[in-house]
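Build out the structure end to end from the sequences listed, making use of the hints.
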Amino acid sequence: MPILSRPPVASFSLARIPRLLLIALFLFPVTSAAQQTSQPVTVAAAADLKFAFADLSRDFQQQTHYTLRVTYGSSGNFFAQITNGAPFDVFLSADVAYPEKLIQAHAAVPGSLVRYARGALVLWIAPGIPVDPSKDGYGVLLSPSVRKVAIANPHHAPYGRAAEASLKKAGLYAKISPKLVMGENIAQTAQFVEYGNAQAGIIALSLVRSGRPVAGKLWDIPMDSYPPINQAAVLLLHGQSSPAARAFLHYLSTPSARTIFQRYGFKLPAAEDN
Amino acid sequence: MDWTALWLTFRLAAIVSAALLVIGLPIAWWIAFSRNRLSFLVEAVVGLPIVLPPTVLGFYLLVAMGSRSPIGAAWTRWTGHPLAFTFEALVIGSVIYSLPFAVQPFAASFASVDPALLAASATLGASRWRTFWRVVFPLSLPGIVTGFALSFAHTLGEFGVVLMIGGDIPGSTRTISISIYDQTQALDFAGANHAALTLVLLSFAMLCLIYGLNRRVWAVWPFK
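Protein chains in written order, with this note's numbering: chain H, 950 to 1223; chain L, 9 to 232.
One thing to keep in mind: the hints can contain errors.
Not everything, but these chain L residues come out facing chain H in the computed CB check (under 7 Å) [stated by the list, open to error]:
#, residue
1, Asn-44
2, Arg-45
3, Leu-70
4, Val-71
5, Gly-74
6, Ala-92
7, Gly-175
8, Asp-176
9, Ser-180
10, Asp-190
11, Ala-194
12, Tyr-219
13, Leu-221
These aren't lab readings, by the way, just hints derived from the structure by calculation.
For clarity, every value in this text was computed on a predicted model and none was experimentally measured.
Glycine is no exception: its CB is placed at the ideal position from the N, C-alpha and C atoms.
See below:
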């Protein structure tokens, strides 16, 4: 199958390539819209999707024969890049606010917003810390053996906002706040715990479902203790004429995509209210 | 405007560039005057932070400071608290990150001192220490000032290393570059512009002063 989907240039002799390039250069402005169908869909994806995406893009390619080219990063960075003309076709944000703002800013196609998943929080205790979150829950954060608690930055990271809300609801925020260190995004927050710089971290469940075994202890934070982390995708202006990009947005709500999201620690999106 | 972060950043830059004078001058002396055939190796190691992307360097520092590394564990035993996410961690990270920006101008200016003057000083009975302070140091002062100013400026604008090992704690590891980044992430572009402009203006004034003094003290003296 991969042989078939390769561009035809590869089967020509090398000597013809310069001439082909020249022709391609001449034709490019005329054919660029038509060529987009065979080009991969360029996707900007929030950092918490990293592990799920290997399966998602394989499954999507098998079903549609379109391919994806994925860049991971923080949703806020992508927002700034997209409003300044970054060539992405689809944006999968870690929240709903950024895609909505992109539509308002005329950088995304109105009506294309899709809620594809809901994030869940998990408390991760580093290996060797003598506390048991399955027994004491959040109470373990008060233990003196937990010196630093890593969360994502609540000012701009959706998981950080949820972590802060959840700590406040548990009545622990004021006591814990001298221990807080903030990761720039949720993946960096996990890194702080992984290398033993923080003894505990509140991270995305999707990041501990990478398939690798996780050292230390995990505790699922009750989902009613924080506002839902709805994650939404949106079709960007750059991809509006690409059938592949539209196909990918559609694919995100199919049962097979949802199975993959659930396998990687996401919950099903809340019923759409728009 | 995040004045705490700005003040913290200038404090960090001052401590780091002063530390680099103490650490960098002997290293530069050794690089410039050592007859050891392998001194180029030291020069290459000093230059490495230029090659490594700051976030990569920061990542290795984070791992080195972690409880699983011997360095991180030894620091915790010695001081009673882990190293990462502290102001000291930023100082150590920044010293490593800015090392080549201090050592290279130092070494270049040492190497350009006329060896005949060193020989003359030695034949007049001066010790190497005395030769350094009376001959080499005054003649290389422009290069030393350049190295000091470069490491100061480089630390002011540092982002990747601080992002990786700082943990964004207000008043202790949130530098102005991190604060600006947080503001852009929260889509507060006006606040970010304001802070960036302040940083640029203050740094420009600072560098003008240092380079002006370096040329001629009177160039920046306001009362003539």
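Checked hints:
no.	hint	result
1	Asn-44	violated, 36 Å
2	Arg-45	violated, 38 Å
3	Leu-70	holds, 6 Å
4	Val-71	holds, 5 Å
5	Gly-74	holds, 4 Å
6	Ala-92	holds, 4 Å
7	Gly-175	holds, 3 Å
8	Asp-176	holds, 4 Å
9	Ser-180	violated, 10 Å
10	Asp-190	holds, 6 Å
11	Ala-194	holds, 4 Å
12	Tyr-219	violated, 34 Å
13	Leu-221	violated, 38 Å
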